[in-house]
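Asks: Sequence:
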Amino acid sequence: MTPQPPKSILSRIKGLNPRQQEAVRYIDGPCLVLAGAGSGKNSVITTQIASLVQECGMSARKIAAVTFTKKAAREMKERVGQMLKGKEGHGLTVSTFHNLGLNIIRGELKTLGYKPGLSLFDPEDAKALLRDLMNKDAQVDAEQINAVQAKISTWKNDLVLPGDALSFAADDDEHFAARVYEAYVRHLKAYNAVDFDDLILLPVVLLQRDPEALARWRSKIHYMLVDEYQDTNVSQYLLVKLLMAERATFTVVGDDDQSIYAWRGARPENLVTLGEDFPRLKVIKLEQNYRSTGNILRAANTLIANNPHVYDKTLWSDMGDGAPIRVVVNRHEGG
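Residue numbers for the sequence shown follow our numbering, so the first one is 613 and each next one is one higher.
Please note that a few of the clues may not be correct.
To be verified - Label pairs and their calculated CB-CB ranges:
id	residue 1	residue 2	range
1	734	932	26 to 34 Å
2	823	744	34 to 42 Å
3	823	888	35 to 43 Å
What the hints assert, rightly or not - Taking lysine to aspartate or glutamate and the EDC-like style, the derived pairs with C-alpha atoms no more than 20 Å apart in a straight line are:
id	residue 1	residue 2
4	722	822
5	748	700
6	853	770
7	801	737
8	897	737
9	894	858
10	801	690
11	739	720
12	832	868
13	674	640
14	801	785
15	739	700
16	853	868
17	832	822
18	832	700
19	619	690
20	699	737
21	925	858
22	697	667
23	626	824
24	853	888
25	699	734
26	897	858
27	897	881
28	674	858
29	853	640
30	925	640
31	674	899
32	626	899
33	748	785
34	619	734
35	689	720
36	894	924
37	801	776
38	682	734
39	853	822
40	897	640
Bear in mind the hints are in silico, worked out from the structure with no lab data behind them.
Ideal Cβ placement from N, Cα and C applies to all residues, glycine included.
Please work from the sequences and hints to get the whole structure.
Replies: In structure tokens:
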């Protein structure tokens, strides 16, 4: 069977619904695509990337699309690769937030005071270093090490540097964690190493403090797309803001009703902050659902209406009402 040629970008855009088309076409300013569950947000992101390259003539190397997992980034890159031809996609960045941060660190090793051959400590490496440092003060157990590791991670995600951590410490345990934090960062630097949280912290601090580095990276990235925006934490949002503040050409896709990671630092209120920092923000709602029938969506809308909202939305479907919802009570989880 002869393989079919790839669809043109115009035909792909015509295949989208009106709100999706609006989101793809809006590229001249900051844009929040409020994407309800099952509303085709992935099609919007990938089609917009292809449109920027093929219709707008933007070099793919000037575009960065970021998401939260390697799997999501890989799938996004594959879908975009099916739309772009030949060398059109050369240099395109589709990655996790942390991979983007690592690229910035590697590009700024000398500026940051690191040597070539930088090491990345995984959580177990970091835990081993903390164990060594903490056992110098007293015999500690795994629970204490985990607690200190979690606290340091929270401080880094909230951009609290070692010199400031003591002033944020609320009790004796946090005072101890703050002292360990200082020693931990000092030893990481001596090892010419960074940990997972540094991949966002270090680029943000660098771009805040070094105007030349900020100018370099703003010249590299002209358009940015952010998936699952409701899951960004303080430092991730600041990374986007710093890179995009000058041009304000970006699309973030998110839904505060799908935010489930507050326990690890995600801040759905970044949806509010975005509108405050970028007053020209255009909000486009994707409310047509392609997965569920009307009965399911009416029940979902009724339930979601009880959530605290930044923006209201109502999901709908053209798939008919479907079967009535049944409540099934089981005696135990196995049914």
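Asks: For every hint, state whether the structure bears it out.
Replies: Evaluation of the provided hints:
{"no.": "1", "hint": "734 to 932: 26 to 34 Å", "result": "49 Å, violated"}
{"no.": "2", "hint": "823 to 744: 34 to 42 Å", "result": "38 Å, holds"}
{"no.": "3", "hint": "823 to 888: 35 to 43 Å", "result": "23 Å, violated"}
{"no.": "4", "hint": "722 to 822", "result": "13 Å, holds"}
{"no.": "5", "hint": "748 to 700", "result": "55 Å, violated"}
{"no.": "6", "hint": "853 to 770", "result": "15 Å, holds"}
{"no.": "7", "hint": "801 to 737", "result": "14 Å, holds"}
{"no.": "8", "hint": "897 to 737", "result": "43 Å, violated"}
{"no.": "9", "hint": "894 to 858", "result": "17 Å, holds"}
{"no.": "10", "hint": "801 to 690", "result": "36 Å, violated"}
{"no.": "11", "hint": "739 to 720", "result": "26 Å, violated"}
{"no.": "12", "hint": "832 to 868", "result": "30 Å, violated"}
{"no.": "13", "hint": "674 to 640", "result": "15 Å, holds"}
{"no.": "14", "hint": "801 to 785", "result": "24 Å, violated"}
{"no.": "15", "hint": "739 to 700", "result": "43 Å, violated"}
{"no.": "16", "hint": "853 to 868", "result": "19 Å, holds"}
{"no.": "17", "hint": "832 to 822", "result": "16 Å, holds"}
{"no.": "18", "hint": "832 to 700", "result": "17 Å, holds"}
{"no.": "19", "hint": "619 to 690", "result": "15 Å, holds"}
{"no.": "20", "hint": "699 to 737", "result": "39 Å, violated"}
{"no.": "21", "hint": "925 to 858", "result": "30 Å, violated"}
{"no.": "22", "hint": "697 to 667", "result": "13 Å, holds"}
{"no.": "23", "hint": "626 to 824", "result": "42 Å, violated"}
{"no.": "24", "hint": "853 to 888", "result": "12 Å, holds"}
{"no.": "25", "hint": "699 to 734", "result": "34 Å, violated"}
{"no.": "26", "hint": "897 to 858", "result": "25 Å, violated"}
{"no.": "27", "hint": "897 to 881", "result": "17 Å, holds"}
{"no.": "28", "hint": "674 to 858", "result": "15 Å, holds"}
{"no.": "29", "hint": "853 to 640", "result": "16 Å, holds"}
{"no.": "30", "hint": "925 to 640", "result": "24 Å, violated"}
{"no.": "31", "hint": "674 to 899", "result": "30 Å, violated"}
{"no.": "32", "hint": "626 to 899", "result": "18 Å, holds"}
{"no.": "33", "hint": "748 to 785", "result": "16 Å, holds"}
{"no.": "34", "hint": "619 to 734", "result": "42 Å, violated"}
{"no.": "35", "hint": "689 to 720", "result": "25 Å, violated"}
{"no.": "36", "hint": "894 to 924", "result": "15 Å, holds"}
{"no.": "37", "hint": "801 to 776", "result": "18 Å, holds"}
{"no.": "38", "hint": "682 to 734", "result": "16 Å, holds"}
{"no.": "39", "hint": "853 to 822", "result": "15 Å, holds"}
{"no.": "40", "hint": "897 to 640", "result": "18 Å, holds"}
Figure legend: structure checked against the earlier numbered hints; hints not met, in rising order: 1, 3, 5, 8, 10, 11, 12, 14, 15, 20, 21, 23, 25, 26, 30, 31, 34 and 35.
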